[in-house]
Amino acid sequence: MLLVLRGRFVPASFGETGHYRADAVDVVAAQPLRYAGWQVCVECHDSEGAMKSRSFHRTVSCEVCHGPAAAHAEDVESQTPLIPRERGAECLSCHEYLSPRPTGFPQIIERLHNPLQACIGCHDPHDPTPPEVPESCSACHAQIARTKAVSHHLTLECETCHDARAEHRENPRSFLPRKPTAREFCGGCHSENADSPADIPRVDLRDHGERYLCWQCHYPHHPES
Amino acid sequence: MAGQHDERQFPRREFLVKTLQLPCSAAVVTVLGPLALGSDAAEASQGDSKTAERYFGMGIQVDKCIGCGKCVEACKAENDVPREPFYFRTWVERYVIHNDGEVSVDSPEGGIRGFPREEREGDVLRSFFVPKLCNQCDNPPCVQVCPVGATFKTDDGVVLVDSDYCIGCRYCIQACPYGARYLDPRTNTADKCTFCYHRITQGLLPACVEVCPTGARIFGELNALASPLRRLMRKSSLQVLKPALNTEPKVFYSELDGEVR
Numbered sequence: 001m002l003l004v005l006r007g008r009f010v011p012a013s014f015g016e017t018g019h020y021r022a023d024a025v026d027v028v029a030a031q032p033l034r035y036a037g038w039q040v041c042v043e044c045h046d047s048e049g050a051m052k053s054r055s056f057h058r059t060v061s062c063e064v065c066h067g068p069a070a071a072h073a074e075d076v077e078s079q080t081p082l083i084p085r086e087r088g089a090e091c092l093s094c095h096e097y098l099s100p101r102p103t104g105f106p107q108i109i110e111r112l113h114n115p116l117q118a119c120i121g122c123h124d125p126h127d128p129t130p131p132e133v134p135e136s137c138s139a140c141h142a143q144i145a146r147t148k149a150v151s152h153h154l155t156l157e158c159e160t161c162h163d164a165r166a167e168h169r170e171n172p173r174s175f176l177p178r179k180p181t182a183r184e185f186c187g188g189c190h191s192e193n194a195d196s197p198a199d200i201p202r203v204d205l206r207d208h209g210e211r212y213l214c215w216q217c218h219y220p221h222h223p224e225s
Numbered sequence: 226m227a228g229q230h231d232e233r234q235f236p237r238r239e240f241l242v243k244t245l246q247l248p249c250s251a252a253v254v255t256v257l258g259p260l261a262l263g264s265d266a267a268e269a270s271q272g273d274s275k276t277a278e279r280y281f282g283m284g285i286q287v288d289k290c291i292g293c294g295k296c297v298e299a300c301k302a303e304n305d306v307p308r309e310p311f312y313f314r315t316w317v318e319r320y321v322i323h324n325d326g327e328v329s330v331d332s333p334e335g336g337i338r339g340f341p342r343e344e345r346e347g348d349v350l351r352s353f354f355v356p357k358l359c360n361q362c363d364n365p366p367c368v369q370v371c372p373v374g375a376t377f378k379t380d381d382g383v384v385l386v387d388s389d390y391c392i393g394c395r396y397c398i399q400a401c402p403y404g405a406r407y408l409d410p411r412t413n414t415a416d417k418c419t420f421c422y423h424r425i426t427q428g429l430l431p432a433c434v435e436v437c438p439t440g441a442r443i444f445g446e447l448n449a450l451a452s453p454l455r456r457l458m459r460k461s462s463l464q465v466l467k468p469a470l471n472t473e474p475k476v477f478y479s480e481l482d483g484e485v486r
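Protein sequences appear in the order of chains Z and W. According to our numbering, the first sequence is numbered sequentially starting from 1. According to our numbering, the second sequence is numbered sequentially starting from 226.
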């Protein structure tokens with residue numbers, strides 16, 4: 001009687017290795033893979049692998065950015081991995097400043113770090129070594145650059161308002177860049193009928209501070225309303 | 226559970242054999258299942274772990290975690306964990322210790338999308354991230370309470386769930402002091418981290434370790450002499466979560482702050 005019941009209710013492999021069904025281990029172990037592991041990727045993508053292995057991103061596995069790609073590694077024709085090209089969550093999930101992050105881990109403040117441009121325009125994702133700071137205006141006009149970087153005008157290049165010739169950087173005083181001279185210059189973006197992006201605030205040039213230059217009231221590198 | 230110490234003297238083989246010879250009606254197993262496994266676990270902690278060929282464990286370097294949440298993401302993708310925010314096999318907690326000593330802990334959606342800036346940024350004494358997962362206890366309370374032997378510890382030390390046998394009674398979920406188990410709403414069976422058993426048995430790393438960008442998670446065999454895990458164990462002093470419970474976790478933390486529970 002007992003044996004009959006046992007045959008009925010106790011699974012075949014129960015107790016083989018302990019108080020459980022040994023087959024269950026095989027069931028769990030047979031689960032399919034989603035992440036292939038970077039070693040598999042670099043078998044075919046050796047140039048990305050080689051580049052990354054010498055870079056700051058050497059410890060960042062391929063599938064962190066490209067998503068689980070075991071399916072692609074099995075069938076490269078029909079399965080394509082993700083490619084996170086746009087500026088945003090992918091890089092920032094690791095690099096946006098957060099105070100609990102270990103000090104020394106490279107972090108940026110997204111709002112201030114070269115806004116609106118794709119990260120991969122300046123940083124190769126497989127070797128993100130920062131580009132040499134370009135021969136830019138900030139080298140000598142650091143104060144202005146810093147002020148502008150936290151202002152509403154952060155997205156504007158210096159050159160939008162100053163056409164500085166290359167000579168200015170070598171011989172600044174002899175080749176001074178131009179500065180805006182008229183209200184209409186600012187009006188090019190801010191007047192009611194200006195042909196500029198819709199989110200730029202507008203004023204009516206005819207009755208807004210009409211007797212003064214705009215920068216007599218607004219500091220151009222940090223305009224406030 | 227009553228009388229665990231007594232079972233330690235109880236010869237295990239004999240006991241198991243007896244258990245199996247009894248009719249396997251649910252009621253009997255409910256009583257005996259836990260007892261039998263109590264002795265199993267006790268014995269394992271006395272000797273098994275030193276003799277088993279492979280014995281898996283994980284080290285977590287708290288001071289390297291950047292809270293990016295990639296581990297949570299990868300775990301869900303690899304193991305088909307329900308996407309809803311209450312099901313996690315691993316998750317990341319943010320600890321913030323304020324100037325007045327008050328400790329706040331949060332884990333928005335397990336950290337799968339990272340963390341927002343703190344609200345009280347000026348009022349922070351120190352703050353850090355702590356990744357959590359099943360501790361793969363050597364003395365697992367969840368196994369002890371399972372009435373049907375559906376959750377168990379393998380020879381290599383990993384605690385697994387037999388979803389064909391799990392009856393969804395939730396005892397194990399209650400018994401886990403680390404909150405590491407959930408009831409899968411699709412199957413109504415208990416589920417939890419397996420150390421990616423299907424990966425580690427093929428020589429691959431668990432998905433969370435594969436994607437960890439800073440090496441905060443280190444996986445390996447506790448018995449191997451030359452392994453990154455053993456190196457970590459040699460060079461830093463390690464702690465486990467809730468040591469007083471004697472669950473004997475096989476997930477070890479380095480640089481763990483005293484405030485972490």
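These aren't lab readings, by the way, just hints derived from the structure by calculation. Model, not experiment: these values are computed from the prediction. Treat the hints with caution; some may be incorrect.
[Stated by the list, open to error] In silico contact screen, one side only, chain W against chain Z (beta carbon under 10 Å); selected entries: (1) E303; (2) F311; (3) L385; (4) R395; (5) V436.
[Stated by the list, open to error] Covered stretches of chain Z, going by a simulated chain W footprint (3 or more residues, C-beta under 8 Å): (6) 61-72; (7) 99-109; (8) 171-181.
[What the hints assert, rightly or not] Which chain W residues face chain Z? A few, computed with CB under 8 Å, are given here: (9) E344; (10) E346; (11) G347; (12) Y390; (13) C394; (14) Y396; (15) Q399; (16) S461.
All C-beta atoms, glycine included, are put in the ideal place defined by N, C-alpha and C.
*Taking the numbered hints from earlier one at a time, note which ones the structure violates and give those numbers from smallest to largest.*
When the structure is compared with the hints, numbers 2, 4, 8, 9, 11, 13, 14, 15 and 16 turn out to be violated.
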